[in-house]
Every structure is written in structure tokens, then in C-alpha cells.
Amino acid sequence: MGDLSKGRIIAVNGPLATCEVGQEHNVLQNEVAYVNCQGTSLKSEVIRIRGRQIDMQVFESTTGMMVGDDVEFSGELLSATLGPGILGMIYDGLQNPLTHLENDQDFFLKRGQYLNALDEDKQWEFTPAVASGAIVKAGQFLGSVPEGLFKHHIMVPLMLKGTWEVIRIVPAGHYRVSETIAVIRSTEDGREVPVMLKQEWPVKMPVRAYQERLLPNRQMLTQCRLIDIFFPLAEGGTACIPGPFGAGKTVLQQIISRYAEADVVIIVACGERAGEVVETIREFPELEDPKTGGSLMNRTVIICNTSSMPVAAREASIYTGVTIGEYYRSLGLKVLLLADSTSRWAQALRESSARLEEIPGEEAFPAYLESRIAAVYERAGLVRLRDGETGSLTVIGSVSPAGGNFEEPVTQNTLKVVGAFYGLSRTRSDQRRYPAIDPLISWSLYLRQMRESLEERSEGWAGLVEEVHRLLYEGSEVHQMMLVVGEEGISLDDLVIYLKSEIVDAVCLQQDSFDVVDRATSLERQVRDFLLLMDMVHHQFTYESKEDARREMTTLHNLFFQMKYCPYEGETYHRYRGEIESILAGIGENSE
Amino acid sequence: MIIEHSYIIRIQGDIITVPAKGIGFGELAEVKSRHGISLAQVIRLKDNGVFLQVFAGSRGVSTGDQVRFLGHPMRVAFGDALMGRIFNGSGDPIDNGPNLSGLPRIEIGRPSVNPVRRVIPRGFIETRVPMVDVFNPLVESQKLPIFAAAGEPYNDLLARIGMHANADVVILGGIGLKYDEYLKFRYAFEDAGVISRSIMFIHTASDPVVERLLVPDMALAVAEQFGVRGKRVLVLLTDMTAFADAMKEIAISMDQVPSNLGYPGSLYSDLAARYEKAVDFEGAGSITVLAVTTMPGDDVTHPVPDNTGYITEGQFYLRKGVIEPFGSLSRLKQLVIGKVTRADHGVIMNSMIRLFAKSREVEQKLAMGFDKTEDDDRFLHYGQLFFDRFMDLTVDIGLNDALDLGWKTLSECFRPDEVGIKQDFIDKHWINN
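Protein sequence lines, in the order shown, are assigned to chains A and B.
For the first sequence, position 120 matches number 120 in the numbering used here, and the numbering has no gaps at all.
Whatever position you read off the second sequence (first residue = 1), add 592 for the numbering used here.
Calculated from the structure, these hints are not laboratory results.
Check the hints yourself; a few may be wrong.
Below, simulated DSS-like cross-link-like pairs (lysine-lysine); rule was C-alpha separation at most 25 Å, straight line [to be verified]:
| id | chain 1 | residue 1 | chain 2 | residue 2 |
| --- | --- | --- | --- | --- |
| 1 | A | K6 | B | K638 |
| 2 | A | K416 | A | K204 |
| 3 | B | K613 | A | K6 |
| 4 | B | K1000 | B | K1020 |
| 5 | A | K137 | A | K151 |
| 6 | A | K137 | A | K161 |
| 7 | B | K931 | B | K1014 |
| 8 | B | K823 | B | K770 |
| 9 | B | K950 | B | K912 |
| 10 | B | K964 | A | K546 |
| 11 | B | K776 | B | K613 |
| 12 | B | K823 | A | K110 |
| 13 | B | K950 | A | K546 |
| 14 | A | K291 | A | K151 |
| 15 | B | K912 | B | K770 |
Coverage of chain A stretches by chain B, computed from C-beta distances (three or more under 8 Å per stretch; other residues unrestricted) [said to hold, decoys possible]:
| id | segment |
| --- | --- |
| 16 | 55-66 |
| 17 | 108-119 |
Note that the Cβ used here is the ideal one computed from N, Cα and C, for glycine as well.
Full structure from sequences and hints, please.
Quick look at the structure:
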């Protein structure tokens, strides 16, 4: 091809560079191109084509770029490399392993360094699962290698269409990710394709190599009571956490990433603080995965494109994360992706849109914001694979609305497409009621959708949850009334409702993420403690006066409160539980 | 390679356009006009047009003036000789001290630190301001803004923290600073004897607007160099809203589509690029950034404080001369509370704030004319004690004394079962009257 695949820079505007190409050269939308700037090749992506003028977003700083610099087109879309060895890695938005960059560079990131996403030298122990002559489709398993504690299946490349025949497959043994382990032939056109342990997938396209998508109807346990009990999340579902700054979005995300019951957790730190990622990077290898006993890092992938890293790569980071999530889902695993924050990603879109001088939509966000957001969340889901097993990708995105106002475009467009909404409120965080998810504005469509499987926790579970929702509403109404008419202006019954709702709030909704016991609540404990709490809610208290009510309810409040800090089934736990039970049975009232 | 050009084809705002070839994006140039020489930076290339922002402003620039390209981006002198020196917005000394032209020069606005080379912050910086130390402690390598309306004593607070903080180097970046305020800082640092470990980059309100853009970058580039050499650096910036306003001016002159109140869509990334310089280097020093962000109209939802809040690791609200307990937040506090500081620090912090919220609620209730109950009296009493003992900015007390005072205050006002504290701590610290 020679010069045909080349272009020349004609304009530079921040991370947006424009080049001109010859008449005879075809350019792909979203194609990867490299700009030769001061001797280094800078990766960029084609984002607009107008005649012979190609606009590209450069994934690096464009300092020093000149008019006339050479541009080379790769002919490939922006892709992620998928294969064994992704778990435990820390990548930037373009899937460069940051830990390896560390070995080569000093404290600072250098531009123009692109490394293999996977370790090319590592030998994997491959065991074939099919024999020559087998007929396979994209996404079907040819064999497996062990990765951590589970089998990492090696699939027929997800890109391939139609049916294929295995004509050769290597025997069990050790292979590197780039070695050919099988050759398959198309049953339609006879084309032969080598299969390696790794494969590529263009990040902006959803993976569809599965049998069918299923309705998410099982719970994804996060061990955060407010979510699991009040606004449950489904496996394969989507949720968003919008909240003003300082309301505890990040702490909530960190807690979920640690204690959620998922096989693989992908953390996309998208345009957020580097400090937060550092905590995860440094602490996860030390933490034990309660499920496997291994290090928590072994189930985690971190995609880290912090706020001071180039903006264009920030846009790519979410896609890279989702693609890795879809890949592990195709292996039959339960994947949880946490994106913090999708607003920064939307802002990256806004920045490039402004540089392209596109007509702006609301708050200068591009008009295609809605469809882009929907496209990302729609890549989540519960699917049945070709072998009948299921895999799931659950996506939780946090949103950072400007001014904490949920009416802004990113929040609103996200709410249209997610199944659960955990709205954080400044009022609750000012009162130190953490997690500051406001029960009065949040919702989860999965409470109904998963009704059947939730009933396995305890009969009538969903009904109880709805009932306690009502109590919280009523309690809040009484509280509003008290602010206007004072405590003397409300009836004794209303006061009891208010006090009950305060107990529910303090011991069930609020969870101390920095307490060893309280930060994660197992399913069993959630059920048991919640049923006891409901006994309290159902109890018909009869009091002579408001003082009596306040006194006893304060005692109960404190007992419940102390109990939640006690190790489950421990001696102190049973003591507090016993005291609560005797008060509810009407025998413990004068026991002091 | 130095290239000279002698005709300017467009002047709009503080942006000039020169037809030139072979010029790199971000490169620096000198514009020679009849009013003197000013630095300018390339901010856009289009065909053969080079767009430059002129730091001294375009006033008095003529179409026939000379533009000389220097072939490198903006640089600043670096070395130990910087200590105790004062510079203006373009990095030239203004204190009549010795010439620094012999020092090596470093580029400003360098790429960000590889996240895996950062370590989890772990140093507690005691300020002897109880609202900071007890409720929102400052952590080494943190970036924290002080949100304040005009007229609040934010620069006094900044200076006080700058003087007390246990840092090797204190760098002050003054952006649009009133001359009086600059002198106040200078005298305060001199009186406290910390001037010898301070470096000041001062852009005063009367200096050209575009020069504001350079101050944070120069201050942070110098901080970074000291940081990698093992020094613990504290950077004080005031006021970042003036910095954002300068960016707005440039963006509008460049015909960029504004996103919110005229600010460019890249406001978040632009601010983050500066604040993210705060870092704790693995095996070397650290940079802590404390910045003032004034809130136009005392409105925290204004784009500048709003975007800042999402970038920084917490914020202090300065209102009516005190640090507001609600809303003020140090996100990194959990890294030091109970680990570097005393074990009961966490419970005292949470309970005292929760109860103070309640006391505010009682105040509101009474203001609406309701009867006072016995409980209300206790809450009011507590509220008053809290204000006098903790919130008042004149209180100068160490952390451990402040914690003891916290237990004393709680014990004076409440019963142990009312404060929502785990029994272990009650047993250990409660003062029975």
C-alpha cells in the first residue's frame, strides 16, 4: 500500500487532530490511526470523515504536533485483546497494562507507549474439549486453561459467523496466548481460520455470540442491606448511582466491589481521582476473597483512566471494560462491572463534540448522548450460552450530576435505561446516614421482576419489603409534620410510626462501611435480622404517654443498633437479640 | 530552532493568529510589541494559521508586530535556589533577589503520574483547627478546596494552615490575588519564619488575565520536582475560580461552544489536570494541594465549585467566618482516623456531628414558635458548647485535647444510650458526672 495508507495533519485543536488523505484511500469510521509526532506514534481514533478530511481524537497529549505530521491508518477498529491472564490486571483506558509501563518508565506516564495487554511469554496449560471434525459456532468452547480458580474456556473467536468445522486441534500441553491451538474451517465457504488462546474484539460493538438473552430473575447479592433488601439488584441487571459530590458514591462502589457475590469484578475508574484507584490497587491484593480464600485481586480487573489522563482514552475506557465483561460472561461467569463515573465519560463525549463544532444539545452535551448511554447499559444482561450454561454481566454506573441536580441530561438519560436507581442525597449524607441512598426517591424494578426467587428468602418477602417502604414514607411524613407543628401537634400513634421508621433507618438502611462486622451482611443474617425488625414493626405498642413511647423505643433502638455491630451468631448478638425478643413479647419492659 | 514572523492576521480577545509552518502544538513564542515583550502559547493549529494566546493580553499588539517562536513549550526555572523567592505570573522573580537564569528549566504541565506508582496516603497533617483535625483531618497528598463566598477569611485560614503544616516546602500560587492579600501572605510567612522554605508565584489582580493560566502549572511543576526528590510539598492556590474565569475567556475568544455559564466543556478535565498533581510518590515525597475556590453568589452549584467538588478529595465550606460542619468533608480521613490518630476519633467525629445536626433541627423548630421540651434544652446547650469549643476559628487546640473535650462535651449533655456509640467506647471514655 505504501503511501496510500497515509495522511498528513492539517489542523490540531487540543486532542482533536485533522488530517487529509489521498483520494484513493478508504478510511473506516472508528479506525485506529497513528500520528507520528516528534518521533513517537500517537494512537488515535477516526471520529468523523468529511470528504478527504479526517477528524481524529488523539488518545495522548498533542503537545508538539505539527501541521504536516504523518498519519498512518491501521485498518482496524479500536479493539480489546481477550484471553487468559486478564484477571488481576490494571489497565489504562486502551488496555495498556499500567504495571508493566511502570517497569519501563519513571513516575510519570510517557506518551506513545503501547504494550501487549496479555503476557505473551506465559505458558498456559491447555486441555482440549473437542476433537477434529466437531462442528462449532462462535463462542463455543474448544478447550480450557486454568485461570485462578476457574476454568478459562477457549472459545471459537466471537467474531466468526456461521458454523465451522474443527480440522486440527493441539493435544493437551503448555501454550502461549499467541500460539495456534486449533484450525477451523467454515462449512460455508471453506475458509480456514487459526484459533489462538487470545482473540480481539472491537470494543464499541456488543458481543452477541450466545444462544439467547434471558430475563434477569435472580438476585445479585451485594451484602449492602439497603440494596439487597430494599432495592435489590438482579444478576444481569443494570443500576445507576447518581449523587452530588461528597454523598458517598465512591465508598459505596468500593464496598460493592469488595463484597458483591460475583465471579469477576471489573472496576472502570473513568475520569475520577487517581487516589481512589490507588486504594483499590494497593488493598485488593491484600484482601481475601471470602468465596475462594484467594486474593480479591484474582477476581478483579481494573481499568483506570483517571481525570488527569487523556480525555479521549477516557471515552474508550468504558467500552474496554464492558467488552472484557462480555468476554467473561461468555465463559459462563457472573460478572459485575462498576463504572465510576459515567458522567466523566459523557463529558469526554461533550468535549470531543464541542471540538467537532457539532450543534449542541441540552447543556452542550451532544444529541447522541442518550443513544450512547443506552447502548452501553444494554450490553449488560443474563444470557444462555451455546452449551446451556448461563453467564451474566451486571452493570452499576455512578453518575455525578452537576450541582447534585438529577434533572440534568446524563442522569435523566441513564434513568431511562436502568433497572434500579440508587439516588444519593445530600440531606442523608449531611446527617451521616450512610450509605446515603435516599429510600424515598430510589427504586428497583427487580423487586417485582424477581419476586419469585426472593420468596425463597422467606415467604411473603416482597410483601414485607413493600410494607416497610410504606412505613418509611409514613415516618417521613410524620417527621415533616413534626417540623411544622412540633411533637405536641402529632398523635401518639404517629409518633410511634415515626420512631419505628427511625429504627428501621438506623439499623437496616444505615450500614457502617468502616466497621468490620457491619460493612457486609450475609444473606442469612439479612433475612434473620430483617424478620426480627419486622416483628418490631408489626408489634402493637400501647403507651400511656409520648414520654413512655420515646423511652421504650429509644431502648429498642439502642438494642437493635448494638446488635448490628455484633458478630453474627456470637454471644453478644444472642444477648441483644434475646433482649429485643423479650421486649416484643411484653416481658422485658421493666427488666432494668 | 527559532522562527520569526512579522505579521499577525487576526487578533480576537487575547488570541492572535500568525501564518507559520513547522510550529508544534503547545509551543511557546514571544510577541514583541511597542509595549514590550510578552510570552504566548500555541493553542490551535489550522492549515497554516497558528493561534496563540498572548499572556500579557493583546492590547497594544499591532498587526505588524514580531512573533518569535521558541521551539519549546512553557518552562520554569527549578532548583533549591527557588526557596524563599517570589515570582510573577510568567515566572520572573519580583523580589529583587539574585538572578536565576543559570538554573535548569523544566517544562510545565507534564503528563500525569502512573497510578500504580502512587501509594495510599497515610500521613496526618495536624493544623490545630479542631473543625479540620477532629472532623475532617487533612491527609498528606490530599487535594482539598476551601469553598467560600467573597469576604470570608479564606486567605487567613490558608495562611494559618500553611504556617502550621509540617511540610518541607510550601508553594503559594496566587491567582488574581489582591496586592494587599499578597503582602499579608508574605508578612505572615515572614513572621512565622517559614518564608525560607516557601516559594511564591504571585499573579495579582492587576496583571494580565491570561497570565493566570500559568500560575497553577508553574507552582505544581516545581512542586512535582521537589516531590520526586523526596520533599513533602504543600501547595496553596488562591483563587481557582479566577483561574477558571481566565479559561472561560480564552474559550470564548476561540469560538468554543460553551457548556455551562460560558465555561468550556473541558472545565472538569482542565481543573482535574491541575488538582491531580497531588500525589504521594512511592519511595519519594508528596504533594498536598489546598486551594481556595470562591463561590460566586455563595452558590455551590456554580460550575467551578461544582466541578471542583467532584475532583478534589473533599471540601471545606467557610461560611460566616466558621468552617461549616455539614458539607465539609475530607474523603481521605478514614485513612488516618483511628489508624494514625486515636481509636476513639471516628466515633467522636460521627456522634458529635449527628447530635449537632439534631440541635440545629431543634433551633429551627423553636424559631417557628414551638414549645421547648426538656430534651430541646439539652440539645441547645450542646449546640452552644459545640460552637464555642470547636467551631470558633480562634480555637487553637491539638487533636488529642480536642477529642477529650469531645467526650467531656457529650458527657455533659447526654446519657450514654442517646449518643449512638458502641458500648466498648462508652465504657472506656464516658465521663460519668
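Taking the hints in turn, this is what the structure says about them:
no.: 1; hint: K6(A) to K638(B); in the structure: holds (19 Å)
no.: 2; hint: K416(A) to K204(A); in the structure: holds (21 Å)
no.: 3; hint: K613(B) to K6(A); in the structure: holds (20 Å)
no.: 4; hint: K1000(B) to K1020(B); in the structure: holds (13 Å)
no.: 5; hint: K137(A) to K151(A); in the structure: holds (20 Å)
no.: 6; hint: K137(A) to K161(A); in the structure: holds (7 Å)
no.: 7; hint: K931(B) to K1014(B); in the structure: holds (18 Å)
no.: 8; hint: K823(B) to K770(B); in the structure: violated (30 Å)
no.: 9; hint: K950(B) to K912(B); in the structure: holds (20 Å)
no.: 10; hint: K964(B) to K546(A); in the structure: holds (15 Å)
no.: 11; hint: K776(B) to K613(B); in the structure: violated (47 Å)
no.: 12; hint: K823(B) to K110(A); in the structure: holds (23 Å)
no.: 13; hint: K950(B) to K546(A); in the structure: holds (19 Å)
no.: 14; hint: K291(A) to K151(A); in the structure: holds (16 Å)
no.: 15; hint: K912(B) to K770(B); in the structure: holds (21 Å)
no.: 16; hint: 55-66; in the structure: holds (count 6)
no.: 17; hint: 108-119; in the structure: holds (count 4)
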